[in-house]
Amino acid sequence: MRQSMIRKTVDQLRVVPNLTDYEGERSRFSWAEARSELEDLPRGGFNIAHNAVTRHARGPLRDHVAFRFLSGDSASTLTYGDLEAATNRFANVLAGLGVGRDDVVFVLAGRIPELYLAVLGSLKNGTLVSPLFAAFGPDPIATRMNLGSGTVLVTTTELYERKVAPIRSQVPSLRHVLIVPEAGEPLPAGTSDLTALMAASSDSFDIVATRPQDPALLHFTSGTTGMPKGAVHVHEAVVTHWSTGKYALDLHHDDVYWCTADPGWVTGISYGLIAPLVHGVTSVVDESDFDPERWYGILADQQVSVWYTAPTAIRMLMKAGAELATARPLPDLRLIASVGEPLNPEAVWWGQEVLGLPIHDNWWQTETGGIMIGNTPAFDIKPGSMGRPLPGVEAAIAVRTDDGGIRLLGDATEGELVLRKGWPSMFRGYLNNPDRYAACFVGDWYFTGDLAERDSDGYFWFVGRADDLIKSAGHLIGPFEVESVLMSHPAVAEAGVIGKPDEVAGQVVKAFVSLRQGFTADDALRMDILAHARRKLGATVAPKEVAFLDTLPRTRSGKIMRRLLRARELGLPEGDTSTLEGGGS
Amino acid sequence: MDDAELRSAVIAELRTIAPEVDGDEIRDDRPLRRQVDLDSLDWLNFLIGLHQRLAVEIPEADYAQLVTVDDLVGYLKARV
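The listed protein sequences derive, respectively, from chains A and B. So our numbering is basically just the index in the first sequence, starting at one, shifted up by 148. So our numbering is basically just the index in the second sequence, starting at one, shifted up by 1095.
One chain only, chain A, in its complex shape (with noise of 0.2 angstroms):
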């Protein structure tokens, strides 16, 4: 019978997790501690890809597998040795071109080999680097490019030709686009070939000399209004991966660790790529899209043993049945974590009843760069809970008060979750946005737009978000980003976009137009909208659905209220309509 929390078992932990004293750890933690447990640079500084790669290339685990890349059903490998020199070969790449600190390299690729040499290599030379998702349409790769002043791009010849080479023109900062070439294919006019670059290059490198608090990666990140946020993260954050890769994902020397995560994300990165590395594991990385017989055959051939995975994905497997799931036996498989939209409690037991392992959510974004609140191997779990803050992280739930203050409010009352400043990992502003960052803190307080609530025994439990964002699968998707392309089609006058609920997806992307004087709202022009918005946007950001409205819910500013949609949406009580235009009084 299923009860309100799960406790672990005695094979469950068969592996002794590295917080088995929760409150000691946290009392005994410093963040300057976790610091010393990694390297400085031989002559000063501190970089995350000499923690990730060249610390562990120049010792024992040299020969030691970091990764193991699939693709169909071929497989590669490479060493930490092998690590070492292909990204020295990348750094030397970009110094070779005149490409240095003040430039901005974006990478736009599947889950290549490529692309994590690309990242690595970037930061080994001191510059700031960006991930794209590949399945972002050409609007927003656009729109990202320029306002980081991008000016190396990483990508393969199929995205460039269907993605980038149509709005390359309006990417002026863009000097240098390399290509990882296919196989017979010939290279599009104006970019270089990355493969016969590297050949080139030397395998030596010496890492330069950045400080801890250096810029090293940028992840943009969607807002309510506006433009998408560049949050920029510096070298230090690889504490965070480091300490949060030990208590919140438990890896040990011998794991086999898969992170499921696209590397155009956050989590694709941070733990995708460097808290994996740091750790000196070895980490799957699988190219081929979603399928949830070849997902049960990774793990299983794989050996896997740690692995980090999304509610959509769990959801996906859910929806393929016990019986793919349960057809092969996962001997090796010991921690089953989760992130990206908050794990509905069928999924933790799902994996409890039918993978044998509970799934473990945590709660972080965009902006803490790492995992700051969680479920932990050693500890009983809450179903529907992201669980408690890790050692290091101070968490709180708080309203912001009249004057600009914070009032922090006690345990089962919903308000905003806040962090204590000062975690590594903690964003250090949006790029050319002050004002946007400094409305994001109130004194030592980060806001983090999320509602929860905390329970007696210190749990916490994800309400909404206290905004308009939408999370789909994992991704939080900007409605104004949207809107804004919606608007662009001949036959809209206004568009408002929300979150529809979805039991896959967690959320689906609505939009709700109103048409222009001459149009008819008929199937034929909802789906030549629903084409517009995929062909600029991409699937991953275009709305799944469109529906017609005479008018939107506008507020007597002119705003569109996007809560009424979503109430009307949802059959809800739609709540103070008192600004509404034309209500009220």
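It cannot be assumed that every hint is accurate.
What the hints assert, rightly or not - Distance windows between CB atoms, simulated:
no., chain 1, residue 1, chain 2, residue 2, range
1, A, S321, B, D1123, 53 to 63 angstroms
2, B, D1098, A, L697, 41 to 51 angstroms
3, A, D250, B, D1098, 54 to 64 angstroms
4, B, D1098, A, S705, 28 to 38 angstroms
5, A, D169, B, D1123, 56 to 66 angstroms
6, B, Q1130, A, G558, 52 to 62 angstroms
7, B, Q1130, A, E185, 38 to 48 angstroms
It is worth saying that the hints were derived from the structure and are not from the lab. Just so you know, even glycine gets a beta-carbon here, dropped at the ideal spot from N, CA and C.
The hints should help you fit chain B onto chain A, whose structure is shown.
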């Protein structure tokens, strides 16, 4: 149904999910998801849609072998 009719049905179903697709531009021997932007949800909905349109059971265990239009047509032809 012959191959051409099955291909039309596949493209028609695809266009309900991704109406931007031009069926003439799809290369039948290349992975569909490398030519058309389809996220995991789109792909799932596409296969469910094909099942409903053609009344062919497509168990999840078979999804992995359905990569190209040729794969889909061959698979459906054996079952319609």
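Hints, one by one, checked against the model:
no.	hint	in the structure
1	A:S321 - B:D1123: 53 to 63 angstroms	39 angstroms, violated
2	B:D1098 - A:L697: 41 to 51 angstroms	42 angstroms, holds
3	A:D250 - B:D1098: 54 to 64 angstroms	57 angstroms, holds
4	B:D1098 - A:S705: 28 to 38 angstroms	58 angstroms, violated
5	A:D169 - B:D1123: 56 to 66 angstroms	60 angstroms, holds
6	B:Q1130 - A:G558: 52 to 62 angstroms	55 angstroms, holds
7	B:Q1130 - A:E185: 38 to 48 angstroms	47 angstroms, holds
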